[in-house]
Structure formats: C-alpha cells, structure tokens
Amino acid sequence: MRKFRSAVELVGGGALLVGFLTAAALVASPARPVPMLVLSNFGLILILVLVLRRVAPQGTEVLTLVDALSDRDVEVQTLAVELEELSLIDPLTGARNRRGFINLVEHQMRVATREWNKLHFLFVDIDGLKQINDQYGHNAGDSALTTVVEILWASSRTVDIVGRLGDDEFAVALLNAEDPSMIAGRIRSAVSGRTCTPQQPYELHVTVGLATFDPAAPVSVEEMVRQADRAITQQKADAAEARTKGLTAPVKL
Numbered sequence: 074m075r076k077f078r079s080a081v082e083l084v085g086g087g088a089l090l091v092g093f094l095t096a097a098a099l100v101a102s103p104a105r106p107v108p109m110l111v112l113s114n115f116g117l118i119l120i121l122v123l124v125l126r127r128v129a130p131q132g133t134e135v136l137t138l139v140d141a142l143s144d145r146d147v148e149v150q151t152l153a154v155e156l157e158e159l160s161l162i163d164p165l166t167g168a169r170n171r172r173g174f175i176n177l178v179e180h181q182m183r184v185a186t187r188e189w190n191k192l193h194f195l196f197v198d199i200d201g202l203k204q205i206n207d208q209y210g211h212n213a214g215d216s217a218l219t220t221v222v223e224i225l226w227a228s229s230r231t232v233d234i235v236g237r238l239g240d241d242e243f244a245v246a247l248l249n250a251e252d253p254s255m256i257a258g259r260i261r262s263a264v265s266g267r268t269c270t271p272q273q274p275y276e277l278h279v280t281v282g283l284a285t286f287d288p289a290a291p292v293s294v295e296e297m298v299r300q301a302d303r304a305i306t307q308q309k310a311d312a313a314e315a316r317t318k319g320l321t322a323p324v325k326l
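What the sequence shown shows, in my numbering, is residues 74 to 326, in sequence order.
A few of these clues could be false.
Unchecked claim - Calculated pairs, BS3-like style, for lysine-lysine (alpha carbon to alpha carbon, straight line, at most 30 Å):
#1 K203 <-> K318
#2 K309 <-> K191
#3 K309 <-> K203
Bear in mind the hints are in silico, worked out from the structure with no lab data behind them.
Could you build all of it, start to finish, from the sequences and the hints given here?
Below is the structure:
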C-alpha cells in the first residue's frame, strides 16, 4: 500500500510539474511553444516510467492474488457441486437416495410428458431383511442390500436410474424400456440365485412391483411409490396365502 500511495503522490506531483512547464512554455514563447511543450511531454513520460517501476511489482502481487482467489473460487464451486452430488447418493449401496432418485425421475417425467412417452418403474422390496439382520447380524443385512443393488445395476442399462427409497426398498426407472416385465423377472431370478453360498449363508429374495407413468394421466413420483407399495403388499399377501395352502403364488405385475 505504501508503494501505491507514493505512486499516487508521484503522479500528482508530475501532473503539477507538467502543468507548470506547459504554462511556462506558453508564456515564454507564445508564438513557438513547441520546444517547451516537448520538454514537458518528456517530463511526463519520465514520470510515468518511474510510476510503472514502482507500481509494477505491487501490481504483479495483486494480479497473483486475484488469480489465486479466482482459482479458489473455482475450487469452492467444484466442492459445492461434489457435496451436492454426494448428498443425493446412498452411502451404503451407492444408489441414488430417495431425494436423488425423485429429482432425476421428475425430470424424466417432464421429458416423457413433452415427448408423450410412457415411463416404467420397477419397485423392489427385499423379503425378510429383518430376519437376516436378526439371525446373521447387520453386516449380513448390509451385504444383502449391496447385493441387490449390484443386481439391479447388472439387470438394467446405464441410462436407467437405480435408487434406494427406504431401508429395504429400491426402485429402477426404466427409460424407453420395451419389456419391463422381462427385466423384473431377470432381477428376481438373479437375486434368488445368490442364495446359500459360503459368503451368503441365507436365502435372498425380492418382490418386484411394476408401475407405469402415463402422460395421459400423470401422477407424482410419490403417488407411484404408494401404488407400487400397495401392489407389493398384495403380492406378499398372495404368496403367504399360497404357502399356507401349499401352492405356488402367481407373480402379478
């Protein structure tokens, strides 16, 4: 700051000197003021050179500080974006959490409405997770959750959206899928196939419900989740009744 103050003082003094020299040139030789004007201009140039020599190092420091602050601002913005993204991810499974899933699905619903396309959803509920936790511990329960998400990703496509809506509830938004029922069957078979291995000494099964967003009769994501919950509850009730009768309950999607 001292360098800037001295520079300002130097400029001010220089301006006074140039004014004085110019006035003297006009008074001394009104008809031919050019030599004195040249002298005054030379003095101004000399003063400007001195100012730049004094200010340049400080100016470089200021520019360096501005660049550093700009870089820090970019870092802060990048960190904010990363933190926002992390807040939408389930830390255990890596799937979208409920808020992250709904945010993405609401966007896809707007796209489906604009393009007048249907959007299919699979809602997946793990059967007997509480029993797994009680009998084998919560580490086994966590393993069951991560296993199901791995299967959901493997059974869907990269454009589809996988989310964890609750403790043992998951959903997959199928974008432009032609046969969601086939994908649901693939998920059930894959999960049931990961049963009673040395790494997984318990049975693992899921109930899958299907819901479709129709732009002709649009509903919210939460309403679709409620509809799917009711369908899954009814499937489990039908399966329990079939077991008591020694029958195999048909799967209804």
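Against the structure, the hints:
1. K203 <-> K318: Answer holds: K203 to K318 is near 24 Å, not above 30 Å.
2. K309 <-> K191: holds (27 Å)
3. K309 <-> K203: holds (15 Å)
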